[in-house]
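> Here is what each chain is made of, one letter per residue.
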Amino acid sequence: MTDAPVLTLRGIGKDYGRTVAVDAVDLELRRGEFVSFLGPSGSGKTTTLMMIAGLQTPSRGEMLLQGRDLGPVPPYRRNIGVVFQNYALFPHLSVAANVAFPLQMRRVGRTEMARRVGETLALVGLPDHGARLPAQLSGGQQQRVALARALVYQPPLLLMDEPLGALDKKLREQLQLEISRLHRELGITVLYVTHDQEEALVMSDRIAVFNDGRIEQIGRPQELYEHPASRFVAGFVGESSFIVGRVTSAAANRVAIETAHGMLCGHPATSLAPGDAAVLAVRPERVGISEEAAGGDRNVVHARLVEVIYLGQSRKFMAALPNGEIITGLLPIALAADDLAPGQTVDLTWRASECTILPDH
Amino acid sequence: MEPVAADLTGAGPTSRASHLLLVLPATLFVLVVFALPVAWLLSRSVSDPAWGLDNFRTVLREPVYLGLMRNTVQISVATTVLCVLLGYPVAHVMATCPRLTRLLTFVVLVPFWSSVLVRTFAWMVLLQNNGLINRALLGSGLVRQPIEMIFNRTGVLIGMVQVLLPFVIFPLYGSIRAIDPALMPAAACMGATPARAFLRVQLPLTIPGLTTGATLVFVLSLGYFVTPALLGGRRDVVIARMIQMEIGQFGDWGVAAALSLVLLVATLSLLGFSRLLVRRGRPT
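Protein sequence lines correspond, in order, to chains P and A. In terms of our numbering, the first sequence has 1065 at position 214, counting the first letter as 1, and numbering is strictly consecutive. In terms of our numbering, the second sequence has 778 at position 7, counting the first letter as 1, and numbering is strictly consecutive.
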């Protein structure tokens, strides 16, 4: 038996005058799921989140929270938890009073309130900070308080708008793991907005990739990474190199395209027909440098190294094809020859089954 | 090395001296035309007509003077309350609707560019029994008799609120603008109705601006002269007007000086009290 979805979006959109901020978003969020909205700024992910919170009014479409139409419900009756990017803590209230605020609004009794505030502050690792003012805390601690304040009333849905955007990398990674832990332990349903693809990959059950006010693709992290459905997703989630061409033959799981560098094969993302404009996308870690031309299943292109970067665990290189297209590769340090240098010509090779052929619009 | 160090140490006193020199003309001017005359006037409260505290005894005991102090405080309190109630919404809209900020700033400032006297006479034209407002009301049949809006408390308050409104609007505007724009939406998401969000979040955070604005209005009201004199009735005589009458009509410099001192002390203690409030309201 499947649970009813916690949140359902049907064709939700938002216009500002003639500009379309969000075109039409469809989404079903299952109980306990962690879903990220990933996309560049201006792609509509935050606007969508704000419409769910009730802080923006949709121009079209329908939203259901646990089966209830959210349309006529004002934000203060939606019972949704929201964590804002710059914390939005009340500067005149102590940490404990900040966390107690939503309980006061729900007229929770004094003893019950004190107990839940204490528990929630302990949950986010700040059991002894209740008496302080927000300004006396570090950025990371402030974000924990904001999290506690959104969790204390046990909302059925927690919205987070780039909550770690203002923190440095180390702290961000630490808090990512902590948010994941809270999500697992509490079984809460989370919608998380970020423009950081690594963050989305680390934390999410599913990722919705936003582009131009629409969800371009939604799926599990591995699915998105290994089977991007569009050139945009292939370039935005992880890194990809692209070679353009035209389809010459198309089978269910094998497509051949004619390119400036010869015939190349790959796995099709969608159904393609001979003659379609297409683009081959390959991940850096799939690209190898070969001494002898390997045949069979492998694609091979001839290229000139333009950049070799030492990264400690690996070596990253960029190689230019004769028509200027750039292929990026990443070799584990054990496999990367020490004498790789810009200017060398090399044969780059990768398995046809490990690259994707996408329609090129 | 050494000459450089010497130069640097020499720069301090020199620049301080030049700074003092720059403020000297203004300081002298204020001293000669303001501080000295005021000190001279105030000194007459204990020396005119004879040395002693008789003038203060008069001012603080005689029912006439107590009555006009009560008038002054009543008018000032009412003006302040009205300014805050009318000004807060305007400041709020100015701070939260960027498209209206410029227009409203202009509208609020326009009265500043014309003299108080002109504005007060304009009110007389509008408010008197056969003035524009009453004629419109009578003409439309809404009232049978003209409403008395002038030469009484109503007239004084209308005139003073109009003149003093900007003094409460601008400090409030500043302190509403300084609030993180995410706070009110955050409060709403946590279940606060607009009214509760205002009372628990915005209002406490605007206390410094509110205190500053209200103090300015109250202090200015205490010493207000033109509007109560022109728009008020016999029961609306205030301290400032009485000081002028004591000197101009009765020639009683001693009592006028004592009244001035009472006004000055009241004003200064209010300012001090308000500074204390603002400082305590500001989170460290």
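For the record, the hints were derived by calculation from the structure and aren't laboratory data. Quick caveat: nothing in here was measured; it's all calculated off a predicted structure. Note that CB positions come from ideal geometry on N, CA and C, so glycine has one too. Hints may contain errors.
Away from chain P, derived, C-beta distances all over 12 Å, residues of chain A [claimed, not checked]:
1. A797
2. F922
3. M961
4. P965
5. R971
6. V972
Using C-beta positions, here's what the derived DEER-type ranges look like [to be verified]:
7. P:Q955 to A:P882: 39 to 49 Å
8. P:R911 to A:P882: 16 to 26 Å
9. A:L970 to P:D866: 46 to 56 Å
10. P:G960 to A:R832: 54 to 64 Å
11. P:G883 to A:L856: 32 to 42 Å
12. P:G1016 to A:F800: 47 to 57 Å
13. A:L857 to P:L1028: 25 to 35 Å
> For every hint, state whether the structure bears it out.
Here is what the structure says about each hint:
| no. | hint | result |
| --- | --- | --- |
| 1 | A797 | holds, 38 Å |
| 2 | F922 | holds, 45 Å |
| 3 | M961 | violated, 4 Å |
| 4 | P965 | violated, 8 Å |
| 5 | R971 | violated, 7 Å |
| 6 | V972 | violated, 6 Å |
| 7 | P:Q955 to A:P882: 39 to 49 Å | holds, 42 Å |
| 8 | P:R911 to A:P882: 16 to 26 Å | violated, 46 Å |
| 9 | A:L970 to P:D866: 46 to 56 Å | violated, 34 Å |
| 10 | P:G960 to A:R832: 54 to 64 Å | holds, 56 Å |
| 11 | P:G883 to A:L856: 32 to 42 Å | violated, 50 Å |
| 12 | P:G1016 to A:F800: 47 to 57 Å | holds, 55 Å |
| 13 | A:L857 to P:L1028: 25 to 35 Å | violated, 53 Å |
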